[in-house]
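Under the numbering used here, think of the first position of the sequence shown as 1, with each following residue one higher.
No wet-lab data here; the hints were simulated from the structure.
Don't take each hint at face value.
Said to hold, decoys possible - Using 30 Å as the maximum straight-line C-alpha spacing, the simulated DSBU-like pairs for lysine-lysine come out as follows:
| no. | residue 1 | residue 2 |
| --- | --- | --- |
| 1 | Lys443 | Lys459 |
| 2 | Lys443 | Lys145 |
| 3 | Lys498 | Lys351 |
| 4 | Lys443 | Lys498 |
| 5 | Lys503 | Lys459 |
| 6 | Lys148 | Lys75 |
| 7 | Lys247 | Lys397 |
| 8 | Lys386 | Lys443 |
| 9 | Lys148 | Lys542 |
| 10 | Lys148 | Lys443 |
| 11 | Lys304 | Lys459 |
| 12 | Lys108 | Lys565 |
| 13 | Lys498 | Lys304 |
| 14 | Lys147 | Lys443 |
| 15 | Lys386 | Lys27 |
| 16 | Lys503 | Lys565 |
| 17 | Lys542 | Lys147 |
| 18 | Lys247 | Lys351 |
| 19 | Lys565 | Lys351 |
In this text the structure is predicted, and so the values were computed from the model without any measurement.
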Amino acid sequence: MEKSAYDPQVLKANLDELEDLTVRLVKAIANRRESDPAMQGPGYNLYAKAAAAYYAEMMAHPERIIEQQVQFWRKSLENFSHAQKLLGDEGGKDEDPVKPPPGDRRFKNPLWESNPYFNFVRDQYLLSSDMIDQTVADLEEIDDKDKKRVQFFARQMVDLFSPSNFFGTNPDALEKALETNGQSLVDGLANLVRDLEANDGELSVTLADPKAFEVGGNIATSPGEVVFRNRMFELIQYAPATQEVYKTPLVIFPPWINKFYILDLKEKNSFIRYAVSQGYTVFVVSWVNPDENYRDVGIDTYVKEGALAAVEAVLEITGSRKVNAIGYCIGGTLLTITLALMAARGDDRIKSATFFTTLTDFAEAGDLGVFIDADFLAAIEHEVDKRGFLDSFYMSKTFSYLRANDLVYGPAVRSYMMGEAPPAFDLLFWNGDSTNLPARMAKEYLRHLYAENELIRGKFTIDDTVIDMTRIDLPVYAVATEADHIAPWKSSFTGLSKTSGEKQMVLSESGHIAGIVNPPEAGKYGYWLNEAPCEAPDQWQKAAEHHDGSWWPHWSQWLSERSGKMVPARQPGSNTYPPLAPAPGTYVVAARKK
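Start from the sequences, fold in the hints, and give me the full structure.
Laid out in structure tokens, this is it:
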């Protein structure tokens, strides 16, 4: 950025504007929505357990604590000595005793290395962070579940107090404030006020430029029609891109925690567009964004008025006897439940099932599991009983804090301290377009599936029918992602391995989204293949073969062998279900968060 000359009048004008923005800031915070404090963090009992475990460690192994403290003091002294040498221009003779982790974007500015002040602050923070991490890792008198929670929330506090998150210890923010005569501070405070006012006084960082994208304009643009609608979803049928298509249609059940167009972002990374180009007649379920009127909607409603209704409509429109199905994340959990219910009823209308990052065994539920405990569950149940739904704000906030440096603190620094506009990034735009959850469904999902793990245990029921996964006897293609913090790949595979039919397990590189939205043209992430059931994940991966590039072509080849002969391409709709609206439909844009 080109530096601007120091201008005291411009600086004064900017400082005056800061005062005006501060008035709006205080007003926005004063009008903050009422929120149960129990939804903001774990209960005091967790801190008590951590303190008790640490006290027990001190009593049982005082030598460990002393050794740890001495090591910390020694490293701190070395850090101070290094800072003194930097002050005396002797830094080149003394290697920095502390190095940030590779790829840590918080400390990219050269001043973190060359300036004695910033270097000392950074290194002391990293030393303290390591000390806290090691202290928590060494706790023994605490069970594994509580220990994971302590580690997670300790890391949240450590990340929060990074010197890069504070103006006085962030060289990028200080430099830009000087270069712009304070304009970056004015722009940053304006961004902060904007976000607070847009979220009823709660802080939620705008991750992507909301003006850069329009659903149905420059994202979610695959041509098609809404061919069915009920209170739960709109069914979109996409226009064919080939003269012939496979006889067996494909229906996709995306998660209803976010919107379906994660699979139809831009043309170059649209999974839906890719599937259509491969000769499949593609349908996708676009879920409604529920409000208080959906208070009594439960998982059974999503099965009966969602999945089963969609299958019935697809079969009638295409004239096919069977469909192939895809379930993504919670949409995959729904598909599993639906398949088990259909099997119990002797219903074989689904020919094969593909699962993207799907959990059915919640024993090891990843980082999200730290929120599924008595303290949070009680607060969430109180909230949804009061409002009739779980506001999308809470789910979005929770998922963001699973990757706090990338999705909270980093964007906050750029927006509020640097005064930068949010980037035009389609994936982050979608990430901010979250949805509410119906009250009954939220309670059932969190308590019965996450907390009680009833699905894998054969205890979950729909219409007095026990959902038995072992009765699912059809071909399964399961994709998990190596760095998934929402649906850990080992849990995903071990859960789905309980089904009885043939199984193809695929482990993609990257995470919950990037490992799935991984078009062949991008040439980014590879994958592992092993046709053996994944009952022992480490052994499965050890024996798996790694392949470069996207798994999409492999999946398409697998599905083509289970999709029947080629027939003339089908146009959207039928006499019974004529087109109602162009894709992407109306539900996906209704009540969109501005």
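Do the hints match the structure? See the list:
For the suggested pair Lys443 and Lys459, the alpha carbons sit about 16 Å apart, so the restraint of at most 30 Å is met. For the proposed pair Lys443 and Lys145, the alpha carbon gap of about 21 Å is at most 30 Å, so the pair holds. The suggested pairing of Lys498 with Lys351 holds, with an alpha-carbon distance near 18 Å, which does not exceed 30 Å. A distance of roughly 25 Å separates the Cα atoms of Lys443 and Lys498; the hinted pair therefore holds under the 30 Å criterion.
The hinted pair formed by Lys503 and Lys459 meets the criterion: a straight-line CA distance of about 24 Å does not exceed 30 Å. For a cut-off of 30 Å, the pair hint linking Lys148 to Lys75 stands: about 27 Å separates their Cα positions. Between the alpha carbons of Lys247 and Lys397 the distance comes to roughly 43 Å, so the proposed pair goes past 30 Å and is violated. Between Lys386 and Lys443 the CA atoms are separated by roughly 13 Å; this keeps the pair inside 30 Å, and the hint holds.
The straight-line distance between the Cα atoms of Lys148 and Lys542 is roughly 26 Å, inside the 30 Å bound, and the hint therefore holds. For the proposed pair Lys148 and Lys443, the alpha carbon gap of about 23 Å is at most 30 Å, so the pair holds. Annotation: proposed proximity of Lys304 to Lys459 holds, straight-line Cα distance about 19 Å (limit 30 Å). Note on Lys108 and Lys565: the hinted pairing is violated, with a Cα-Cα distance of about 56 Å set against a maximum of 30 Å.
For the proposed pair Lys498 and Lys304, the alpha carbon gap of about 23 Å is at most 30 Å, so the pair holds. Distance restraint check for Lys147 and Lys443: the Cα-Cα separation of roughly 25 Å lies within the 30 Å cut-off, and the hinted pair is therefore satisfied. Taking the CA atoms of Lys386 and Lys27, the gap is near 26 Å; set against the 30 Å cutoff, the hint holds. Of the pairs offered as hints, the one joining Lys503 and Lys565 holds, with about 22 Å between alpha carbons and a cut-off of 30 Å not exceeded.
Distance restraint check for Lys542 and Lys147: the Cα-Cα separation of roughly 29 Å lies within the 30 Å cut-off, and the hinted pair is therefore satisfied. Our distance criterion of 30 Å between C-alpha atoms is met by Lys247 and Lys351, whose separation comes to about 12 Å. Of the pairs offered as hints, the one joining Lys565 and Lys351 holds, with about 14 Å between alpha carbons and a cut-off of 30 Å not exceeded.
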